[in-house]
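The chain contents come next:
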Amino acid sequence: MAAPDAKAKVEAPAFREFPVVPAIQPDATGNVRSYVANDKIQEAIGFPGKLAEDWRETHDKAIERMGDLLERYRSLKVYLDACVHCGACTDKCHYFIGTNDPKNMPVARQELMRSVYRRYFTPAGKWFPSLVGARDLTREVLDEWYTYYWQCSECRRCSVFCPYGIDTAEITMAGREILDAVGYGQKYSNEIIGKVHKIGNNLGLPGPALEDTLNGLEEDVKEDTGIDVRYPLDVEGAEVLLVTPSADFFAEPHIESLIGYGKVFHAAGISWTLSSKASEAGNFGMFIGNYEQLRKIALRVREAALELGVKRIVVGECGHAWRVAYAFWNTLTGIGAGADDPFAIELQKQLDPNYKQPAHICEVTWDLIRQGRLKFDKEANDGRIITFHDSCNVARASRMGDTPGGQFDIPRNIITAVANKYFEMAPETTREKTFCCGGGGGLLTDELLDIRVKGALPRMEALKRVVDDHGVNFMATICAICKAQFTKVLPYYGFKMGLVGGVHQLVSTAIRLGNEQ
Amino acid sequence: MTIFIAILFYLATALFVAGLAYKVLDFARTPAPLSIPTTPAPTTRGGVVFRMFREVVFFESLFKANLWIWIFAALFHFGLALVAVRHLRYFIEPVWSWVAFAQPFGMYAGFAMVAGLGGLWARRFLVERIRYISTVSDHLMLALLVLIGLSGLAMKFLVHTDIVGVKAFFLGLMRFDIQPLPDDPLLCVHLLLVAGLLIVFPFSKLLHAPGVFFSPSRNQVDNPRETRHLAPWAAALEKN
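As given, the protein sequences belong to chains H and R, one line each in that order.
Quick note on the numbering used here: the first sequence kicks off at 193 and runs consecutively.
Quick note on the numbering used here: the second sequence kicks off at 752 and runs consecutively.
FYI, nobody ran anything at the bench for these hints, they're computed from the structure.
From the structure, some residues in chain H lie toward chain R, with a derived Cβ separation under 10 Å: (1) Val276; (2) Gly279; (3) Glu303; (4) Val324; (5) Ser351; (6) Cys354; (7) Tyr356; (8) Tyr518; (9) Ala529; (10) Arg588; (11) Ser590; (12) Arg591; (13) Gln599; (14) Phe600.
Backbone N, C-alpha and C fix where the C-beta goes; we use that ideal spot for every residue, glycine too.
Go ahead and model the full structure; you've got the sequences and the hints to work with.
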């Protein structure tokens, strides 16, 4: 098991003249492995510190955990049974397109687990293993799981094309959950989960530092616009609790969008607050497929909402956080509507039923634009020629507004309401067919840079076309991971890192603040 | 031979029904704790029924994914559906009018079915990516289906079998009154293979047929903000 060589030269693959499907190159990225979590990181969040000395023990624990998950998740059970190896998904994964490694084909990634499932849980695999491609769980297989389940960004693109809707993300999550259960966790994600519990956000920014940052932000905006826009923290009785990825507090270009959210609330005259307890929208519990962690991290938001007595909960620009908020919060925390149990009702009777709970910041802004409550100087964005990158979790795992596909239209509507120059990328790379940025799902860590750069290839190709054809110089997106990933990988493809930014960065530039309220 | 095939068919049918019922019940009783439809997804139950209909009848997602696979898969599945309808006449008396009407179409559908299978099989050799993911059982499954198709076509177009006798055999089988099976090697091969198909169905990837209906990414309504989804095991976490 070779340690990944972080110093190895990372190079971007060449743009393909025609986007043909690459020839397979077995084990092309078999040596690119994410750092394994140490025992401190593992034990801090309740997982075994390391693999057992005795392989048999690890083996039995892994199979037992797999059995548990098969009882818990219909998705896993159906997906492991239903695949016919038709091949529809084989050319759909950005990591396969970028690396040519056949184990990055969705079906092959699933097969790493399906082969073990067959061996231990199906009569065919028990009696005729070689016939049906079943195999024993060995140390080598477990290592292979670790390698390739940490080369998947859980972006769900394959699930769009599978005739049975098989979602590799569900398999990857189960794989990671089994690995954690035997003490084989990933350093990056599990360390971050530890930080959320200990400090309140993924970046480990403590309350006082957060307060300083927000004060500084108010001064900057005042200097810039002459207006007192507030960035409040822990204000009891505020109408809106904004939960946003912690990268928004200091990373570029993320912070520009945070400035934009504040301006929107200011211009509309809505009282709002951030929370030091829930100073993170991100929820890496989803990435590692652990329901208990997913729930525990989400419950912070429930507690903050109850303590602050807010009427509305709004989520900032973050892809997987929006998936967790939109699709899972009602289940996990009761943030939503329609419940009949005391746990959820306690919160739901506090929240204003006239608004969607939770709401995406883009839904808030777009509603205000439609009501005529925001005014813009679109010309302020004329220096920008804009395109929009759909983030995978928003596109394929959530919605905005009342109609299916609102998650595509609302951000675009906002962009065209605040700017004049907008161009779409190729339709096979946008909306539900969007390509992942290459850094999602817990892969946004330096030792995986090689995979991240290669996985960005299809998006970069589509971007290149609009840059060449229309002079696009701004790719807007609504995901903190997309922003961080693109900032890092754009230069490998010959673009400036400043080419990526947020939708509310555009809003921030064009919004009129003065006497409009 | 009559007795052997008769017993085999009872056994195969029992295994098929029991195995499939077990798998379907197993899928149905396993909770889907989180809302995970692949979006954009319908926001109503009726919308989901329509989505599933398009998926099952038109293979909508496959159409988006790969036109070649879609063409071959459609040829095979529609062919098989018509052939199955055509075969109903061996199990009912008098023959329903729509089954009678479908007879000539079913005849040509046999060719479509085999052609579709041929295309799918060719891809397993010719397309590198699909060759990589193919297992022995994938090839055997195709071989089984192709042989069923070819032996059936041979009885229609090359060496006619005594279909009146076949019908008497199956009608008898259904009444537990075993009638002699026409003495025809081709027919025996055809029936043995079909029995084999029934037997492997609940243990193989043919589970994609019931599986698609239970796929959460396709059968869930996109309404998580309006409805609280809570699996029993997840609700138990709220107790402590």
